[in-house]
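Enquirer: Chain by chain, the residues run as shown.
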Amino acid sequence: MLYLDNLQIMLELPIYLDNNATTPMDPRVLEAMLPYFTNKFGNAASRNHSFGWVAEEAVDYARGQVAKIIGATEKEIIFTSGATESNNLAIKGVYEMYQQKGNHIITVVTEHKCVLDSAHHIERIGGKVTYLQVKPDGLIDLKELEDAITDKTILISVMYANNEIGVIQPVKEISAIAHKHGVLFHTDATQAVGKIPVDVIADGIDLLSFTGHKLYGPKGCGALYVRRKNPRVKVTAQIDGGGHERGMRSGTLNVPGIVGFGKACEIAMEEMASESVRLAALRDKLEKGVTVMEETYVNGNTQNRLPHVCNVSFKYVEGEGLMMAMKDLAVSSGSACTSASLEPSYVLKSLGLNDDLAHSSIRFGLGRFTTEEEVDYAIEVTKKAVTHLRELSPLWEMFKEGIDLDSIEWAEH
Amino acid sequence: MAYSEKVIDHYTHPRNVGTLDKAKKNVGTGLVGAPECGDVMRLQIEVDDNNVITDAKFKTFGCGSAIASSSLATEWLKGKTVDQAMEIDNMDIVEELALPPVKIHCSVLAEDAIKSAINDYRVKNGFEPIQLEKSHH
Ligand SMILES: Cc1ncc(COP(=O)(O)O)c(C=O)c1O
Ligand code: FES
Chain A
1011 MLYLDNLQIM
1021 LELPIYLDNN
1031 ATTPMDPRVL
1041 EAMLPYFTNK
1051 FGNAASRNHS
1061 FGWVAEEAVD
1071 YARGQVAKII
1081 GATEKEIIFT
1091 SGATESNNLA
1101 IKGVYEMYQQ
1111 KGNHIITVVT
1121 EHKCVLDSAH
1131 HIERIGGKVT
1141 YLQVKPDGLI
1151 DLKELEDAIT
1161 DKTILISVMY
1171 ANNEIGVIQP
1181 VKEISAIAHK
1191 HGVLFHTDAT
1201 QAVGKIPVDV
1211 IADGIDLLSF
1221 TGHKLYGPKG
1231 CGALYVRRKN
1241 PRVKVTAQID
1251 GGGHERGMRS
1261 GTLNVPGIVG
1271 FGKACEIAME
1281 EMASESVRLA
1291 ALRDKLEKGV
1301 TVMEETYVNG
1311 NTQNRLPHVC
1321 NVSFKYVEGE
1331 GLMMAMKDLA
1341 VSSGSACTSA
1351 SLEPSYVLKS
1361 LGLNDDLAHS
1371 SIRFGLGRFT
1381 TEEEVDYAIE
1391 VTKKAVTHLR
1401 ELSPLWEMFK
1411 EGIDLDSIEW
1421 AEH
Chain B
687 MAYSEKVIDH
697 YTHPRNVGTL
707 DKAKKNVGTG
717 LVGAPECGDV
727 MRLQIEVDDN
737 NVITDAKFKT
747 FGCGSAIASS
757 SLATEWLKGK
767 TVDQAMEIDN
777 MDIVEELALP
787 PVKIHCSVLA
797 EDAIKSAIND
807 YRVKNGFEPI
817 QLEKSHH
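Chains A and B, in that order, are what the protein sequence lines are. Position in the first sequence (first residue = 1) + 1010 = my numbering. Position in the second sequence (first residue = 1) + 686 = my numbering.
Rather than coming from a laboratory, the hints here were simulated on the basis of the structure. As the structure is a prediction and not an experimental result, all values here were calculated from the model. Be aware that one or more of the hints could be misleading.
Negatives, chain B to chain A, calculated, CB over 10 angstroms [stated by the list, open to error]:
(1) P700
(2) D734
(3) N737
(4) V738
(5) K745
(6) G748
(7) E761
(8) K766
(9) E773
(10) E814
Below, a list of computed lysine to aspartate or glutamate pairs in the DMTMM-like style, where the Cα atoms sit at most 25 angstroms apart [as the list claims (entries may be wrong)]:
(11) B:K708 / A:D1294
(12) A:K1359 / B:E722
(13) B:K710 / A:D1294
(14) A:K1337 / A:D1294
(15) A:K1337 / B:D806
(16) B:K692 / A:D1294
(17) B:K810 / A:D1294
(18) A:K1410 / B:E722
(19) B:K710 / A:E1419
(20) A:K1410 / B:D806
(21) A:K1145 / B:E722
(22) A:K1393 / B:D695
(23) B:K801 / A:E1383
(24) A:K1394 / B:D695
(25) A:K1295 / A:E1383
(26) B:K710 / A:D1151
(27) B:K764 / A:E1419
(28) B:K692 / A:E1411
(29) A:K1337 / B:D695
(30) B:K708 / A:E1411
(31) B:K711 / A:E1419
(32) B:K801 / A:E1419
(33) B:K764 / A:D1294
(34) B:K710 / A:E1407
(35) B:K810 / A:E1419
(36) A:K1393 / B:E761
(37) B:K708 / A:E1407
(38) B:K711 / A:E1407
(39) B:K708 / A:E1401
(40) B:K692 / B:E761
Glycine residues also receive a C-beta, built at the ideal position from the N, C-alpha and C atoms.
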């Protein structure tokens, strides 16, 4: 306890460990953005005065920074309001554009809601969608993917890395399969860009979505990469208007946001190599530190995983109750009690996890500003909270008495 | 979502955590909920010859509101007769703890646990179990 108290003195509480939900903005990004709110306020589409030119120049520069982090060229970047919009545009836009070719798309059950809901939209307007299951480690089965392709398939959309468990899909292999069958490949790389190397050429990606606020940039600004060569890919606009972004996304550009997004990409590119090593070491320390307790399980593949995230189930305690006991830590849980739907995380369930383990999960997401002291504190707080709640847990007591919980007839409700 | 002070108080300092000997004839045990639903509550009462609840204990697997609801329930049960305990309504718990609408089911669970413990006690002592209304959820 004394140790905890000592640690606490040096720390500012609460500690933010939810960097997969969003990241704080890097002060260097804010600094780059500030002039574009005030004296450099021009509309990048104003062609006939210097206010417009200054804004346009800033957008062009940022477009280069954003393109570079994924190995693309400027003309292949379409600015959007974030990854949700990018995913909508990619999926609905490809479907509308290539409808003559076919009406079938393939995606995965562990995708972000904005991909899944875009896919549901395709079904409502007459398309067909295959939702691939994942293996218990969260990775897709490549053979299953290939078997799902028909002569009507126009798009495969598989996320680069998962937001809940951090598992990285075999993107190169997926794109090879897609291209062998003449199918376009889209990836939601929101969680991956800026954290691990992503290269649209080497990875064979045709469309890629990402967003500023997951890489220490501003919220409300993202991009869709749309390949221009081998093959040239087109999407039908989902927002009509003044014909901005080469007609694929109308609307006055969010100049400060774009400038910040660009700066964030530049910093991430420079610092990714060292940052990912540092964060992986801290993450491993955290993971080891909390899994010394019995009946704790790490969810998802731990070999192919983002460096800064881990998802752990603490069996016999419920996630929301646990988060309440860890009130000085900002984390998230796959527990149903944290969601309005009263359903535990569909991602964890799709790994084949029993509902009770899904209810018991906590996601720790480290970031650029996470320190080792914070991780040490997080370990102690987590252990203390789990121990406290297990003392309150009838399930823990039964487990300790050797009662098989599956043998009990629970009153489902 | 922010928790009310009372929820936090019961959660941080839960009253009457523990286990009574369920083999004893004057102990009633209620076990409600299911691990799959993310909430399991076990509530126990010990009853004396005058039908008065002399002790109550709980253990809960669930969210903060569920833990607080069961902790509060044990507080209220002590000193009540079994008949009075039957009258405890989940909405009383909602009111006392200022639970928001999404947490009402946590209080329902506590009411179910009370009734289920009372019925266990009744059956053990040769009374008919009281017919409960269909669960509210
Ligand atoms: C994998 C993934 N895709 C898409 C999104 C949505 O991004 P945005 O908030 O920029 O719309 C998120 C973030 O919540 C995400 O984690
Ligand atoms: S036990 Fe699930 S919300 Fe309270």
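Enquirer: Now tell me, hint by hint, if it's right for this structure.
Expert: The hints, checked one at a time:
1. P700: About 6 angstroms separates P700 of chain B from the closest Cβ of chain A, which leaves it inside 10 angstroms; violated.
2. D734: 25 angstroms, holds
3. N737: 26 angstroms, holds
4. V738: Holds: least Cβ distance 25 angstroms, greater than 10 angstroms.
5. K745: The assertion about K745 of chain B is violated, with a minimum of 4 angstroms to chain A.
6. G748: 5 angstroms, violated
7. E761: Non-interface label stands for E761 of chain B: nearest chain A Cβ at 15 angstroms, farther than 10 angstroms.
8. K766: Fine: 23 angstroms to the nearest Cβ keeps K766 of chain B off the interface.
9. E773: 22 angstroms, holds
10. E814: 20 angstroms, holds
11. B:K708 / A:D1294: Given that 25 angstroms is the threshold and the Cα spacing comes to 43 angstroms, the pair is violated.
12. A:K1359 / B:E722: 11 angstroms, holds
13. B:K710 / A:D1294: 48 angstroms, violated
14. A:K1337 / A:D1294: Holds: K1337 of chain A and D1294 of chain A sit about 22 angstroms apart, inside 25 angstroms.
15. A:K1337 / B:D806: Distance ~37 angstroms between K1337 of chain A and D806 of chain B Cα, so the pair is violated.
16. B:K692 / A:D1294: Violated - the C-alpha atoms of D1294 of chain A and K692 of chain B are around 37 angstroms apart, more than 25 angstroms.
17. B:K810 / A:D1294: 52 angstroms, violated
18. A:K1410 / B:E722: Roughly 19 angstroms between the alpha carbons, so the hint for K1410 of chain A and E722 of chain B holds.
19. B:K710 / A:E1419: 22 angstroms, holds
20. A:K1410 / B:D806: Measuring from Cα to Cα gives roughly 24 angstroms; hence the hint holds.
21. A:K1145 / B:E722: Holds - the C-alpha atoms of E722 of chain B and K1145 of chain A are around 21 angstroms apart, at most 25 angstroms.
22. A:K1393 / B:D695: Given that 25 angstroms is the threshold and the Cα spacing comes to 21 angstroms, the pair holds.
23. B:K801 / A:E1383: Between K801 of chain B and E1383 of chain A the Cα gap is close to 48 angstroms, so the pair fails against 25 angstroms, i.e. violated.
24. A:K1394 / B:D695: Distance of about 18 angstroms is within 25 angstroms: holds.
25. A:K1295 / A:E1383: With a Cα-Cα distance of about 11 angstroms, the restraint between K1295 of chain A and E1383 of chain A holds, given a limit of 25 angstroms.
26. B:K710 / A:D1151: Violated. K710 of chain B to D1151 of chain A sits at ~55 angstroms, over the 25 angstroms cutoff.
27. B:K764 / A:E1419: 29 angstroms, violated
28. B:K692 / A:E1411: 32 angstroms, violated
29. A:K1337 / B:D695: Given that 25 angstroms is the threshold and the Cα spacing comes to 14 angstroms, the pair holds.
30. B:K708 / A:E1411: Roughly 14 angstroms between the alpha carbons, so the hint for K708 of chain B and E1411 of chain A holds.
31. B:K711 / A:E1419: Holds, at about 22 angstroms.
32. B:K801 / A:E1419: 18 angstroms, holds
33. B:K764 / A:D1294: Given that 25 angstroms is the threshold and the Cα spacing comes to 48 angstroms, the pair is violated.
34. B:K710 / A:E1407: 19 angstroms, holds
35. B:K810 / A:E1419: 20 angstroms, holds
36. A:K1393 / B:E761: 28 angstroms, violated
37. B:K708 / A:E1407: Holds, at about 14 angstroms.
38. B:K711 / A:E1407: Status holds; Cα separation ~22 angstroms.
39. B:K708 / A:E1401: 18 angstroms, holds
40. B:K692 / B:E761: Answer holds: K692 of chain B to E761 of chain B is near 13 angstroms, not above 25 angstroms.
Against the hints set out earlier in the document, violations occur for numbers 1, 5, 6, 11, 13, 15, 16, 17, 23, 26, 27, 28, 33, 36.
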